Every structure is written in structure tokens, then in C-alpha cells.
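Visitor: Listed here are the chains, written in short residue letters.
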Amino acid sequence: MIRLQHNVVHRPRTIDDACTLLAEYGPSAQLLAGGTDIMVLLNAGLLQADVFIDLWPLDELRGIDDLPDSLRIGALTTFSQILRSPAVERFAPALAAAARTIGAAQIQNRGTIGGNIANASPAADSLPVLSCLDADIELASVRSRRRVSIHSFHTGYRKTALAADEMIVAVHLPKTRTDERIEFYKVGTRRAQAISKVVLGARMQIAGGIVEHIALAYGSVAPTVVRARAAEAILLGQYPSPELASRAVAALDRDLKPITDLRSSAAYRRRVAGNLLERFLRKALQH
Amino acid sequence: MKRLLDVLREDCRLTGTKEGCGEGECGACSVIVDGEVVNSCLIPVCQVEGSSVTTVEGLALNDQLSPLQRAFLEYGAAQCGICTPGMLMSAHALLLRRPHPIRNQILEAIAGNLCRCTGYTKILDAIAAVSSGNINKPDQSE
Ligand SMILES: Cc1cc2nc3c(=O)[nH]c(=O)nc-3n(C[C@H](O)[C@H](O)[C@H](O)COP(=O)(O)OP(=O)(O)OC[C@H]3O[C@@H](n4cnc5c(N)ncnc54)[C@H](O)[C@@H]3O)c2cc1C
Ligand code: FES
Ligand code: FES
Numbered sequence: 007m008i009r010l011q012h013n014v015v016h017r018p019r020t021i022d023d024a025c026t027l028l029a030e031y032g033p034s035a036q037l038l039a040g041g042t043d044i045m046v047l048l049n050a051g052l053l054q055a056d057v058f059i060d061l062w063p064l065d066e067l068r069g070i071d072d073l074p075d076s077l078r079i080g081a082l083t084t085f086s087q088i089l090r091s092p093a094v095e096r097f098a099p100a101l102a103a104a105a106r107t108i109g110a111a112q113i114q115n116r117g118t119i120g121g122n123i124a125n126a127s128p129a130a131d132s133l134p135v136l137s138c139l140d141a142d143i144e145l146a147s148v149r150s151r152r153r154v155s156i157h158s159f160h161t162g163y164r165k166t167a168l169a170a171d172e173m174i175v176a177v178h179l180p181k182t183r184t185d186e187r188i189e190f191y192k193v194g195t196r197r198a199q200a201i202s203k204v205v206l207g208a209r210m211q212i213a214g215g216i217v218e219h220i221a222l223a224y225g226s227v228a229p230t231v232v233r234a235r236a237a238e239a240i241l242l243g244q245y246p247s248p249e250l251a252s253r254a255v256a257a258l259d260r261d262l263k264p265i266t267d268l269r270s271s272a273a274y275r276r277r278v279a280g281n282l283l284e285r286f287l288r289k290a291l292q293h
Numbered sequence: 500m501k502r503l504l505d506v507l508r509e510d511c512r513l514t515g516t517k518e519g520c521g522e523g524e525c526g527a528c529s530v531i532v533d534g535e536v537v538n539s540c541l542i543p544v545c546q547v548e549g550s551s552v553t554t555v556e557g558l559a560l561n562d563q564l565s566p567l568q569r570a571f572l573e574y575g576a577a578q579c580g581i582c583t584p585g586m587l588m589s590a591h592a593l594l595l596r597r598p599h600p601i602r603n604q605i606l607e608a609i610a611g612n613l614c615r616c617t618g619y620t621k622i623l624d625a626i627a628a629v630s631s632g633n634i635n636k637p638d639q640s641e
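For the record, the sequence lines run as chains X and L.
The first sequence begins at 7 in my numbering and counts up one residue at a time.
The second sequence begins at 500 in my numbering and counts up one residue at a time.
Take these hints with a grain of salt, some might be off.
[To be verified] Each pair of labels, with its calculated beta carbon distance range:
id: 1; chain 1: L; residue 1: 520; chain 2: X; residue 2: 271; range: 21 to 29 Å
id: 2; chain 1: X; residue 1: 13; chain 2: L; residue 2: 533; range: 39 to 47 Å
id: 3; chain 1: L; residue 1: 522; chain 2: X; residue 2: 57; range: 46 to 54 Å
id: 4; chain 1: X; residue 1: 162; chain 2: L; residue 2: 511; range: 41 to 49 Å
id: 5; chain 1: X; residue 1: 153; chain 2: L; residue 2: 560; range: 48 to 56 Å
id: 6; chain 1: X; residue 1: 184; chain 2: L; residue 2: 512; range: 52 to 60 Å
id: 7; chain 1: L; residue 1: 551; chain 2: X; residue 2: 245; range: 42 to 50 Å
id: 8; chain 1: X; residue 1: 245; chain 2: L; residue 2: 578; range: 57 to 65 Å
id: 9; chain 1: L; residue 1: 548; chain 2: X; residue 2: 247; range: 31 to 39 Å
id: 10; chain 1: X; residue 1: 154; chain 2: L; residue 2: 512; range: 27 to 35 Å
id: 11; chain 1: X; residue 1: 247; chain 2: L; residue 2: 616; range: 35 to 43 Å
id: 12; chain 1: L; residue 1: 578; chain 2: X; residue 2: 260; range: 29 to 37 Å
id: 13; chain 1: L; residue 1: 578; chain 2: X; residue 2: 195; range: 18 to 26 Å
[What the hints assert, rightly or not] Partial list, derived from the structure: chain L residues whose beta carbon lies under 8 Å from chain X:
id: 14; residue: 617
id: 15; residue: 619
id: 16; residue: 623
Please keep in mind that the hints were generated in silico from the structure rather than gathered at the bench.
Quick caveat: nothing in here was measured; it's all calculated off a predicted structure.
Glycine residues also receive a C-beta, built at the ideal position from the N, C-alpha and C atoms.
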């Protein structure tokens, strides 16, 4: 039996109360959502905290609102709730696809989108989708409510723009248009329970034969999720062709900084990142 | 902050729920909380305040094994038995939500439960037998 240290657990019932607690304790408090990252660390003795603020009872943080131009997904919404949501299936199917690959049923039933974003792992599977959709993260503290673009939220390896007294309350996803092609690809060791080796969230719109809009967001190939800006620049405004696709794949050298670790080698990751882009472009052009 | 797993095993003396990895990977500690299967090694016990928790001990009714349990016996879906309580809970949660799953849905439902003995085929067959009515369905016995 593992004896976790004796600690204080606060269980606020409103966002305001949670923010007040955060302001009081600052960095010494540890927010707890579904626990699927935190409990692993606690069980392994890798995390010390005297005070926990347990968000789980905070129903205000749960749910998916179907707004005119966007979906607002509460931070405490689980991946199971996301993948069962008709609104997500209709307006952000790539997020449902990502949710389906996270862990297995036990993890999806407990793991939350807010936890995935805040945990800031380079391999977090929801992040490439949020990045290619240009999502905003809504934050709250006793001082203010603010919205930060996903592109500036992750500031470095496991670093975020969250202040010590701030929490994530929701994610705002602009609805995707029906003439856009959006895909989520994840490559891991096996289908379930696998941490990603390479992930791609990709979005493209073709108008009048040319690439009108393109967004390529990779996970697990840099310290944070990254947009492949060089590859995007090559594709934007051009008539797609196999030759153009090859140039975009080559440009990934400038965009990605894959490393060799336990899960995979840098060379493998770079090769797979290119293959996924080729696959996406081939598929997108068939439509 | 105690883990639900320890409260079940140590405080409630419900030792049917097993600990394999203690890090969410193996599913041996699977229990059902408010209808959804979860890993009890990853749940701080405060988070089940006001919830209903079902462990493998809760499947049998009046000393009668549930159809799922009988199917596991009949089909040889358990060998060493360490994964079995967790497998049963994942399968039970699936059948509550989807009484007639296709094979892929069964595979997905037990993807978070590792078994080192059976090779999974007999487990899949046992669950399929319950859903196709070759063994009585869970709701008929409950
Ligand atoms: C077996 C296993 C398999 C997994 N597989 C995958 C996978 O395939 N893909 C993947 O991406 N992840 C995977 N994970 C990791 C994990 O499940 C996800 O990152 C999940 O989204 C974390 O959410 P949570 O609610 O459980 O977070 P918690 O563990 O509760 O919290 C994680 C971190 O986020 C902070 N936090 C939580 N909520 C908020 C908030 N609202 N505001 C500010 N900070 C907050 C916490 O303080 C903590 O630092 C896996 C984990 C396990 C154990
Ligand atoms: S013991 Fe909980 S998942 Fe392995
Ligand atoms: S029967 Fe031994 S692990 Fe499954």
C-alpha cells in the first residue's frame, strides 16, 4: 500500500472560491483535476505538495457550449465527454479523433482537456488539434479573466503562461468550415495506452484550386507543440502538386527539432513527420 | 490523500480489486464509478464522495455469479486471474452502455486492461457470448 503524505485537500464549489484559494496559497498549492497525470507522480513519490485544490466537484468547469462561431469546452470536461459530444463530432471532429486515442477507457473517463493543456507535455495529444484550430485558452484568477492564444500558452518544455494564481477555465475552438479538411494523426507503439512518437493536427482549405488556408501542428517533435510555419509558407497560395508536397516535407527540417529518447529516435520522428504530411496532402487533394 | 484502491483493499477489505502497476497502465485496479470504468490507483478517495462505486465483489448477486463471470468461467477467459477483476469491470461497463457491442468495441473497451496469460481471444469470446445472449445478459440477473 502506498501512503501518500498527509496533506490538505480543498474542494471548492465555485470558480471564484477556487481562485481565492489559489490566490491565498499561490505556487504551494497543486491543482487536481482528473488526476491521471498527478496521481502517477504522487504514487511514484515524484511530487510533493502540502495543499491540493481539487477541481473535480466544480461542475461550473464542465460541459460543451455550442456558440454561434465557436465551441466553448470547460476545462474539466473529460475526453469521454468530448468524444461522445455531437457538437464536437460536427464542428471539431479532429478533437474527437484525438480524444479517442488518449490512453484507454479508464483514462478517457477521467482525464480532462484542461489537465492535458496545463500538464504541458510535448506529447499531449489534444494540443496539435488545438493549435491547428487556433484555439484560445480562457484563464481565471482573482485579478481577471483573460484569453490567451494556444500559440503563446506553452512557453517552453513543460512551461506555460499560467500565473501562480491562475487556472484554466475553458478552451474556445473556432468552428471549422465544411470546406476545410482537418485530420489528426498519431503514431505510437500500439493503438491504446501509447505515448505519442509523432502527432500531427492538420487543417487545409482549398479555394479556386489554390491553398487558401493551411495549418500544420506537430506534437512530440519539439519541446512544445509546434506549428510548421516554413512548410505552411511553401503551401500557402500555391496550386497543390506532388512537387509542392515534396518541398513542404523538406521544409519540415526548419520547423521541427525532434530528439532521440526512450520512445523513438530523432531520425525516425523526422521521417514519420514527413510521411504524415504527405499522407495528409494526398488525402486532402482527393476531395 | 489516500488512493481509492487502498481504501477498497485495506479499509473495506474488498481485495478483489488488484494492484498491478500503480500508474494507470494495466487496468488490474479497474472499478466502476457512477457507471464509468476508472483506474482506482489513480483516484484520490475524496473524489468519490457522493458517488456509487462498484467493484468486482458487486457483480455477483445473492451468491449467483453474473452472466459475465459465468462466461469467463465457461470460456476459460481467466488463467492466473490477476487481470480478471479489472477485465470484468471494463466489460461490465461496456455492456451497461452498449448491450450488443461489435468485436471492435469490445477490443476498445478492454484496451486499458493488460493480460499476460490468455492472449485475449477467450476474453473476447466470453464477452461476446454475453452480448449475443449465449449467456444471460447482466440486466436480466440484476
Ligand atoms: C496510462 C496513461 C495513459 C495516458 N495516455 C495519454 C495519451 O495517450 N495522450 C495524452 O495526451 N495523455 C495521456 N495521458 C496523460 C493524461 O491522461 C492527460 O494528460 C490528461 O489530459 C490529464 O488530465 P487530468 O485531468 O487527469 O490532469 P491532472 O492529473 O489532474 O492534472 C495535470 C496537471 O494539470 C494541472 N491542471 C489540471 N487542471 C487544471 C486547470 N483547470 N487549470 C490549471 N491547471 C490544471 C494540474 O495542476 C497538473 O499539474 C495518459 C496517462 C496515463 C496514466
Ligand atoms: S494498478 Fe491501476 S492501472 Fe495498474
Ligand atoms: S489471466 Fe493472467 S494476466 Fe490475465
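Visitor: Residue 13 (chain X) and residue 533 (chain L), beta-carbon distance inside 39 to 47 Å?
Guide: Taking Cβ atoms as reference, residue 13 (chain X) and residue 533 (chain L) lie about 25 Å apart, which means the hint is violated.
Visitor: Given the hint of 48 to 56 Å, is the C-beta distance from residue 153 (chain X) to residue 560 (chain L) inside that range or not?
Guide: holds, 52 Å
Visitor: Is 46 to 54 Å respected by the C-beta to C-beta distance linking residue 522 (chain L) and residue 57 (chain X)?
Guide: Given range 46 to 54 Å: violated, Cβ gap about 23 Å.
Visitor: If you check the beta carbons of residue 520 (chain L) and residue 271 (chain X), does the distance land in 21 to 29 Å?
Guide: Holds: the Cβ-Cβ distance is about 26 Å, inside 21 to 29 Å.
Visitor: Taking the beta carbons of residue 184 (chain X) and residue 512 (chain L), is their distance inside 52 to 60 Å?
Guide: holds, 57 Å
Visitor: Given a hint of 18 to 26 Å, does the C-beta separation of residue 578 (chain L) and residue 195 (chain X) actually sit inside it?
Guide: holds, 25 Å
Visitor: For the hint on residue 619 (chain L), does the least C-beta distance to chain X fall short of 8 Å?
Guide: violated, 12 Å
Visitor: Mind checking the hinted window 42 to 50 Å against the Cβ distance between residue 551 (chain L) and residue 245 (chain X)?
Guide: 59 Å Cβ-Cβ, so the 42 to 50 Å window is violated.
Visitor: Min Cβ distance, residue 623 (chain L) to chain X: is it shorter than 8 Å?
Guide: violated, 14 Å
Visitor: Is 41 to 49 Å a correct range for the gap between the Cβ atoms of residue 162 (chain X) and residue 511 (chain L)?
Guide: holds, 44 Å
Visitor: Against the range 27 to 35 Å, how does the distance between the Cβ atoms of residue 154 (chain X) and residue 512 (chain L) compare: consistent or not?
Guide: violated, 49 Å
Visitor: Take a look at whether the Cβ-Cβ distance between residue 578 (chain L) and residue 260 (chain X) falls inside 29 to 37 Å.
Guide: Roughly 53 Å apart at Cβ, these two residues miss the hinted range, so it is violated.
Checked against the numbered hints given earlier, this structure breaks hints 2, 3, 7, 9, 10, 11, 12, 14, 15, 16; the rest are met.
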